[in-house]
Amino acid sequence: MLNYILKRLVYMIPTLIGMSIISFAIIQLPPGDYLTSLLSTLADGGAPIDPATVERLRSQYGLDQPIWIQYGKWMLGILTRGDFGFSFEWNQPVSEVIWSRMGSTLAISFAALLLVWAVSLPIGIYSAVRRNSIGDHVFTFFGFIGLAVPNFILALTLMYVSFRVFGQSVGGLFSPEYVDAPWSLEKLWDLILHLWIPILVIGMSGTAAMIRILRANLTDELSKPYVTTARAKGLPEYKVIVKYPVRIALNPFVSAIGWVLPELVSGVTITAIVLNLPTAGPLLLRALVAQDMYLAGSFILLLSVLTLVGMLVSDILLALLDPRIRYN
Amino acid sequence: MEKPVLSVENLSLDFHLRTHILHAVRDVSFELHRGRTLALVGESGSGKSVTARSLMRIVDKPGVMVGGRIILRTQGREVDLAQLASNSPEVRAFRGSRIGLIFQEPMSSLSPVHTIGSQIDEVIRLHSGMDKRTARARTVELLGQVEIPNPAEMADRYTFEFSGGMRQRAMIAMALAVNPDILIADEPTTALDVTTQAEILDLIKRLQTERGMAMLLITHDMGVVAEVADDVAVMRFGRIVETGTVDEIFHAPQHAYTQRLLASTLKLEQPADARAEAVITPQPLLTVKGLTKVYGGAKGFLGTKKFALKAVDDVSLVLHAGENLGVVGESGSGKTTLGRLILRIVEPTAGQVLYRQKDGKEIDVTALSKSDLRKFHADVRLIFQDPFASLNPRMTIRQIIGDPLVVEGKLKGKEIEEKTAELLRLVGLSPDVMERYPHAFSGGQRQRIGIARALALDPRIIIADEATSALDVSIRSQILDLLLEIQSRLELSFIFISHDISVVRYFCDRVAVMHRGKLVEIGPAETICTSPNEDYTRALISAVPNPDPRNKRMLHRTRLAALSTST
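These protein sequence lines map, in sequence, to chains V and L.
For the first sequence, my numbering gives the first residue as 1, with consecutive numbering after it.
For the second sequence, my numbering gives the first residue as 1001, with consecutive numbering after it.
FYI, nobody ran anything at the bench for these hints, they're computed from the structure.
This list has only true hints and no planted wrong ones.
Now the stretches of chain L that chain V is said to cover, found in silico as 3 or more residues with beta-carbon under 8 Å:
no., region
1, 1056 to 1065
2, 1102 to 1112
3, 1120 to 1128
Nothing here was measured: the structure is a model prediction, and the numbers come from that model.
Cβ coordinates follow ideal geometry from the N, Cα and C atoms, glycine included.
In isolation and in its complexed conformation, chain V is listed as follows (with noise of 0.2 Å):
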């Protein structure tokens, strides 16, 4: 098992090496750089600029020098100083603007995450256990409906209701009196009545896909001949079923902890947008945008991580539900 673990740590450093010159190769595609739409945009306010200026920034910024040096600088900063780099756009270090984003999608996701098992697994096993019972059509149905909907229409009907119905502040984490408040109880309260908004629409399609998949793979294992042998043990119906089938296509569950942050924050971004959420998703989309080359770089690079990371433990976790995978 700690062999396996190594093993997997070793193959994850050529993984990340590649992502790491990937990512920063994406965010030079475009032509022009930082500078170029610092320029156009301060031309359609009807600035002058002196081209001498422009040079001295480029120097400054290291944008005159060749890709690979630029890369090369980067990726020493990372390694020695833990320095990202600077945003040009925030005029901060990556690493600031970065980790309070962070820290709320890693939240956000986890939460989602929570409630995608919390919801579907129960409702899985019922309806492969009761297939084409009533129930199993209505949660279907509903199922299906989770699946359709956009999540941004979801968020807009969610916000309108809350605001509406209950009164409250939409959009963001916190009402404006608490967003720079210290920590209290009143302010996690807050946060909770926040929170559930993002994460029911987030986790929507989520649980809607898990049932589904629960739902397919249990149907498969209930028909398996070990089930039989459980049940001529003389266990009672539940403990067959929990037990032996469940436990076998639960494996779906576990490897989902591996997609749910690339989905998070590419999947999710008009929903954080609309929701006005402090995730990586809206920040990276603006950082891609406007060029700003070491913060879209370094999320990218994070991100990819985090993926890997991801990965990794859902791997563990399956090898640790799983012997056969253990063993190979």
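We have chain V; now place chain L onto it with these hints.
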């Protein structure tokens, strides 16, 4: 005589299907006595398995019990299991404790994610209320009784670390954990090799005698019945057509169906009459020289040398025109790999396969280019084991049989259809079935379709990999006769890969015996089956059950020390 431990009276079961109700079991009655074995015999679909399961009240949906009594006499009480709800605590108390069940698939009848020990502990703790440690001690003792080496250590292993025979032993240990009065064995050895089958049957028989259990043995193999059973009930279409002692059934069968069943079993005990003599020419059709396939052996991660497995080890043989060559061996002996190497579906590690083309030129298959290999594949075709998995369920019969013709590209539209119709007639099916899908056919009919597909390109050699293993006995001999008849009309040679010695003896001129990748012995079928030279072959042949209760062969079989499962 002592009262039977279990009496089944007029048991009836229905299956509520979407379109109609199927009467799966009708008015079945039988008795199980302590220390005796009743064999419930019948072909697939006769309702024998569902009857067995209804004794434990674990009939899966959509099966419904519609009548009859199941009276269990145990611990001084008499209970009618049919009266109780199938999931009631009373029924569960009998399941696993008074009635034990072992069944066919040793690969999938145990949970892959729990250790063997924990699965056996569970039954013991459920029914005897022992604590964890005592239960584990009992589990280890049981594993020892079913002759699993190092039982204490093996209890912590998972099923995928056990061979098929070992899993079936573990399954037996589980079924016997709480000393049941009745053991139901549903095709317990069907998925096993003959040698393993003999060992498992020995073991079951011994444990049954020791414990004085009653046993209900469900099987379609008359050989196994003759070796093990005391009484026999023959089932067909959900009814018991004949009951009697094993001697009565085998030597004075009354019902026409029993007679037919026995006839098709006995027919396979000797070579077929209609076999054409093979022409032994100095120029064989196919020559295999030193064929070897090694799996693994490459350097692993961190430079650890991985275990190399020689699946096929230096095998040389020849196939003459018009000859039927049998390849027999246990699972894992490399016989299937050999077939694939000859076709070069699997690339050989070393060795040569020489094939003599129609024009008399000999080509080396191992050195063929991709396009030449396709031509070779038109001459040498494959018939698969599983008639259910080897036909695409979304293609019509016309598409399935016509597919090789379309790929070949010589014939067009109407011609393909005519050829398909001709092939269907050749395998004894009406050309009218062309537009149907495979699900509309029985196992035997599907295998005919598979044969028609193999014949589509007028091949010269057919490699049949366990082509009759999945079929019932009566269908099996029909298919073999069909192949022989086709052979007499077309110029064909067969390489017949099988673990079933009686089939090979019926069908083949010469037999090659394989063991652990090596060719042990090759010779005329009759010699191999009656007086083989090698010890291994002798052990293999003597483990085949003999369908004659007066002459039980298996119990006096030759045992090869090296053969005993040492894993």
